[in-house]
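In the order they appear, the protein sequences are chains A and B.
Numbering-wise, the first sequence is residues 1 to 718 according to the numbering used here.
Numbering-wise, the second sequence is residues 1 to 718 according to the numbering used here.
Any given hint could be a false lead.
A pair holds if it fits inside one copy or across any two, identical chains being indistinguishable in the list.
Claimed, not checked - Dumping the calculated DSS-like pairs for lysine-lysine here, alpha-carbon to alpha-carbon at most 25 Å:
{"#": "1", "residue 1": "K85", "residue 2": "K30"}
{"#": "2", "residue 1": "K245", "residue 2": "K228"}
{"#": "3", "residue 1": "K594", "residue 2": "K548"}
{"#": "4", "residue 1": "K555", "residue 2": "K594"}
{"#": "5", "residue 1": "K346", "residue 2": "K422"}
Quick caveat, the hints were computed from the structure, so don't treat them as lab data.
Protein chains: 2
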Amino acid sequence: MSTVVPERAVQTLMNPASVAVIGASEDQHKYGGRLLKMLLSHGYRGHIMAINPVRETLLGVSAYPHIDVTPVVPDVAVMAIPQPKVREAIEACAARGVTAAIVITARFSDGGAEGAVLERDIVSIARSANMRLVGPNCLGIISPAHRVVLCPSTALVAEGLPVGRVGFVSQSGALMGTIFDKAKEIGLAFSHAISVGNQADLELCDFVEYLIGDPATAVICTYIEGLKDPRRFAELAARAREAGKPWLAVSSGRTQAGAQAAFSHTASVAGDRAVFEAVCREEHVTLLDSPLTMIALATSLADHPATQVSRIAVFSPSGGEAAIAADEIESAGLRMAVFSDATRTKLADYYPPSQAANPVDTGGRTVGDGPDVVGESARIVADDPDTDALLFAITTTPTLHRVASDVADALRRDPASPTPRKPILYVFETGRLADTARRGLLERGRYFLNNLREAVDVLAAWHSRGSYLPPGRPVRPADCPLTAAGCAAHLPGKGTYGEGATREWLGRYGVRTNEERLARDEDEAVAIAGELGYPVVLKVASAGIVHKSDVGGVKVDLYSDAMVRDAYRRIVTNVREHAPAAVIDGLSVQTQFKGRLEMIVGARCDAAFGPIVVFGAGGVLVDILAARAIARAPADPDHVIALLRRLPLWPLFEGYRGVRLDLAGVVDTVVRVSWLAADLAARQPAGLDFELDVNPLMVADDTCCAVDARLRVAARSD
Amino acid sequence: MSTVVPERAVQTLMNPASVAVIGASEDQHKYGGRLLKMLLSHGYRGHIMAINPVRETLLGVSAYPHIDVTPVVPDVAVMAIPQPKVREAIEACAARGVTAAIVITARFSDGGAEGAVLERDIVSIARSANMRLVGPNCLGIISPAHRVVLCPSTALVAEGLPVGRVGFVSQSGALMGTIFDKAKEIGLAFSHAISVGNQADLELCDFVEYLIGDPATAVICTYIEGLKDPRRFAELAARAREAGKPWLAVSSGRTQAGAQAAFSHTASVAGDRAVFEAVCREEHVTLLDSPLTMIALATSLADHPATQVSRIAVFSPSGGEAAIAADEIESAGLRMAVFSDATRTKLADYYPPSQAANPVDTGGRTVGDGPDVVGESARIVADDPDTDALLFAITTTPTLHRVASDVADALRRDPASPTPRKPILYVFETGRLADTARRGLLERGRYFLNNLREAVDVLAAWHSRGSYLPPGRPVRPADCPLTAAGCAAHLPGKGTYGEGATREWLGRYGVRTNEERLARDEDEAVAIAGELGYPVVLKVASAGIVHKSDVGGVKVDLYSDAMVRDAYRRIVTNVREHAPAAVIDGLSVQTQFKGRLEMIVGARCDAAFGPIVVFGAGGVLVDILAARAIARAPADPDHVIALLRRLPLWPLFEGYRGVRLDLAGVVDTVVRVSWLAADLAARQPAGLDFELDVNPLMVADDTCCAVDARLRVAARSD
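Required output: the full structure, derived from the provided sequences and hints.
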């Protein structure tokens with residue numbers, strides 16, 4: 001629709017040559033007053049025009065009664081004016097040829113149906129003039145890298161706008177301001193921070209795309225309440241990954257309550273959370289729970305982009321704190337580094353032999369407070385080959401004022417750079433007693449945290465990045481007979497398919513099923529059972545019956561002709577009683593495949609991200625071993641193995657108590673099902689919606705077998 | 001050994017009439033200098049005597065060359081002197097008749113074998129003079145309630161010693177000092193704080209006992225690295241529970257690494273962690289991960305001792321923060337309160353209809369910044385009947401400077417008391433921008449946190465208190481034939497018992513087992529199978545074979561005479577091959593009991609806490625559904641149900657997918673096994689050590705049955 005490509009508008013927004021502040025004033029209790037003041041006080045180098053109906057200057061800046069009469073056309077207009085006045089202002093900006101407008105004002109789609117109509121109106125006014133919008137219901141843009149502050153947050157009242165290498169795009173404005181304030185205090189800084197609000201026009205991904213290409217940004221952080229375009233998100237994530245630029249995200253809506261809250265906030269719909277998380281894992285977007293730990297991890301990653309973290313060395317002046325830290329680290333799935341003999345020998349110059357180990361209780365040293373003992377300890381530990389990262393948990397100690405600076409100096413990568421040789425997190429568990437120590441770190445360009453748990457959360461999220469896989473390259477199994485394009489005739493059409501038909505589709509994709517034949521009467525059932533070999537299973541075959549067990553339509557453990565006859569009669573009786581309307585086609589006689597584990601393998605077409613395959617424990621355990629794995633279809637076999645590895649049932653595949661299940665078979669089944677899913681989703685002309693359930697996939701020690709399945713295919717609704 | 005009962009010595013330590021500071025100086029860089037200064041500057045009202053070989057006064061206090069020549073016998077002596085001088089000082093104190101000495105000095109049992117010898121020496125010197133010791137390797141005692149500071153921590157350099165109602169006993173000194181510093185900054189305060197160090201003489205429980213009886217202490221907090229006397233701990237916990245005084249604990253050693261770190265720190269052995277946690281649950285000791293959240297919860301409990309917390313109302317000026325908070329709350333097992341219609345109607349005066357709900361985005365209000373909108377919102381929410389507690393997550397907002405005070409004032413229980421009507425936690429996500437707001441809360445005697453996760457951790461720990469059960473009152477089942485005393489002849493003696501003998505012992509305690517008979521040959525096996533009815537199981541019976549499956553000694557699913565014969569021969573062949581030395585007594589023919597679930601029920605004599613019963617999922621799932629429940633023996637049936645309820649397998653007992661297992665039978669089995677365990681542990685003269693495994697207990701829909709078991713009984717080693 002628009003002819004202004006987002007890239008150009010975003011470039012302009014992030015570094016405008018001129019800015020008009022609509023509704024500017026001098027009153028610092030008002031948004032319009034702060035907008036103007038912040039732009040001035042943080043050193044904006046472009047042309048500022050204040051729009052105010054009655055004043056000639058404001059805070060020394062020339063003011064104009066209307067945007068029509070500014071001396072030049074402003075690149076960007078920013079407005080925090082009452083909601084009823086926004087439409088007129090947007091019309092004026094559009095008429096004047098402004099490239100992009102930022103609407104701080106709230107009460108649009110976030111405030112109900114009437115606001116939503118107004119929101120659509122201003123977007124269409126803007127589009128018709130090739131103007132782009134940020135917001136509404138946002139807090140604008142802060143760009144320390146460009147010294148551009150188009151943001152009225154009170155967090156910017158304080159002096160100074162430290163420049164960092166972390167770019168941050170947030171769907172919440174207040175959160176951006178809050179994090180900005182806290183970040184400055186603990187030594188975290190940004191290249192750019194953008195609040196996108198309701199995303200009526202420009203959205204989170206537009207700014208992420210900018211940050212991927214931005215040389216001032218080393219790591220991208222995002223706060224997400226709902227994605228406007230999930231597939232674009234996935235594509236950009238792949239691009240960021242390929243560019244080697246880490247992307248981190250906090251996304252509310254992990255829980256039902258959070259999703260509901262996010263919806264009331266910016267009218268975002270969370271979608272299927274588990275699929276979103278699966279896509280993030282596949283595309284290496286690191287999810288965290290807290291914005292502050294996200295910014296902290298991003299800052300560490302900017303210094304150590306290639307480092308993988310799992311083995312942690314802890315040191316602390318308090319043995320108690322060190323023990324608590326060790327607990328937190330191991331509880332978070334990290335592990336305490338095991339120092340080499342060389343490290344222990346070096347530490348033994350300063351510590352008693354039993355304490356020359358991880359964690360290092362620097363309070364327990366045997367030598368005095370030489371100027372450098374703790375720094376030297378840190379240096380020794382940083383050289384340890386088993387140590388990926390250091391955690392310095394700082395408690396009260398007589399040398400508190402300088403102990404952190406000593407460590408920072410000891411660990412410098414080289415004299416010219418404050419960057420440490422190995423990642424280190426500084427945590428102050430103390431209160432203001434340590435403020436001198438905190439200042440020492442800030443002066444050295446190092447950040448710190450004030451809470452052990454935060455530091456461990458940072459390390460745990462960092463650790464999770466280590467298990468990301470190389471990009472998947474799914475290969476169609478050679479004996480999968482179909483390809484998506486032009487073979488509609490070979491794929492199931494719309495409809496609901498029972499066990500028999502679904503087995504056929506699965507069979508065409510090479511999924512192994514147990515042998516079965518349809519019996520029309522008892523005698524035939526006995527004859528088939530004899531051919532298949534005992535034990536067998538009997539199941540009712542009826543198009544009208546979906547849940548066969550629920551109507552008494554399944555009998556297992558049939559070891560003899562007599563048992564088959566008895567079971568046949570019972571099934572017919574049960575079904576006539578519980579499903580009198582169903583037409584019984586006969587009874588399916590099946591070889592009884594005895595697995596050690598029942599699994600479930602399903603596939604469907606996710607509304608946001610397309611075809612996916614889902615797999616995990618089945619049977620009675622289905623919700624108890626609740627974790628389920630999700631991969632996009634078609635799936636890469638290595639990814640499937642990696643996902644199985646995270647499930648509680650994994651030990652059964654690895655060899656456990658004499659059980660070692662058929663991993664290759666399960667992976668093969670999941671991959672084949674994923675190709676069927678991908679082909680269905682791609683089926684011309686528009687793809688199909690579908691739900692496929694292989695339940696159960698029986699898994700034994702050296703084989704596995706789908707013993708029941710169902711498929712439902714429908715038209716795609718998007 | 002000692003004739004000074006701990007209670008008297010502890011009373012004296014906590015409020016001494018006179019104190020000698022051994023090694024006192026004026027140098028504030030030295031421990032002895034700070035010890036003297038802190039005592040003076042925090043308003044100690046007793047008699048201070050400085051011990052210094054060369055000075056007549058120190059900081060205006062009379063000094064004496066030796067403790068022999070002080071004008072009165074000091075109640076308490078405190079020393080932070082070089083380790084080689086400690087023995088002489090203890091001898092002098094003992095000779096002088098000092099009631100108790102505090103040894104700050106480290107490098108005793110914490111520093112190796114030589115230090116451990118010295119530690120034993122000073123304890124025996126003290127005991128022979130009826131003197132008690134605190135430490136060594138501690139940071140002494142801080143009692144704001146009594147204005148007694150016997151602690152050299154730099155955390156006390158700052159002015160002020162706020163008095164709270166939380167008593168804290170810590171095995172780590174630096175941790176105590178650190179928490180003290182942080183606590184003061186965020187509005188938390190103590191009645192007393194005691195650091196017990198190596199616990200060479202007086203130990204954590206001595207001071208907990210004091211706090212249980214102390215009227216100035218409403219809630220007890222402890223940092224534990226290892227218990228000197230676990231049974232005393234359990235007894236005191238029961239006493240605190242009966243006294244209605246909450247007891248909270250952080251205990252390092254949750255993980256292997258933490259336990260190792262705690263051991264290096266104060267030479268404490270963690271023992272079996274799971275048993276410790278089970279005892280804490282039974283006796284209502286609340287375990288937390290972080291000392292700060294422990295003190296925060298304790299402070300809230302002091303205001304709201306009877307409140308149970310699970311339904312939380314959140315409000316925040318940031319919708320994003322509110323959504324994140326909702327996620328954290330639900331992830332922590334709490335739940336977001338569902339406001340009543342009345343609450344929503346009242347909120348709708350201030351918020352758009354879609355936002356008049358939980359969480360409340362106070363930034364989204366439709367009215368201006370009236371002085372009282374947020375306070376009024378809090379008041380409305382506090383009146384909501386579904387809301388147990390409030391969480392105010394504070395972000396940047398134009399009214400930041402006063403918004404927290406507004407809320408605190410609005411929620412006052414009555415005009416004279418700052419205590420709120422309902423529990424509320426204030427969290428500042430901002431940095432220093434909110435310092436005015438923080439001061440407002442401190443002036444009102446309210447504490448705050450600076451991290452959302454901490455607040456949620458406090459609420460989650462509070463919530464966990466709600467699931468504590470009333471004290472157990474185990475009743476011996478009427479048909480349990482034995483009682484412990486005087487019936488040694490009826491209990492198994494020392495030895496290892498195979499399946500057959502263990503079944504007998506279980507049978508005497510009324511545990512249901514499946515029918516079985518011993519067959520000496522194939523024909524007999526077929527005959528027995530015919531009598532028991534098919535299907536049957538065959539198991540090798542041999543005293544020499546413990547793991548029957550491992551030698552191919554078990555065959556299941558035998559449905560016919562032919563299958564029994566075949567299985568008989570295969571078992572004999574397998575056993576001869578895999579265990580050629582074993583004497584085969586015959587084969588046990590058993591009815592095959594088909595359960596839906598295999599459980600394991602075990603019992604043993606825990607070295608720390610005595611007889612316990614352990615139960616959970618068995619079979620292949622034993623480590624996958626890893627959670628196991630532990631109860632002390634004999635066990636109360638209601639406790640057993642409550643413990644089962646926490647296990648992942650619980651849905652199977654509650655009714656799940658057509659499965660509803662025999663809960664009453666499982667509980668009955670666990671209780672009966674627990675009585676056998678209790679009787680074994682109590683067996684005269686000294687009790688027995690033992691390990692009993694019922695594995696598996698097969699559980700079906702309406703019954704359950706022990707189908708295999710083993711027992712090992714030994715002499716008690718303690």
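Broken hints, by number:
none
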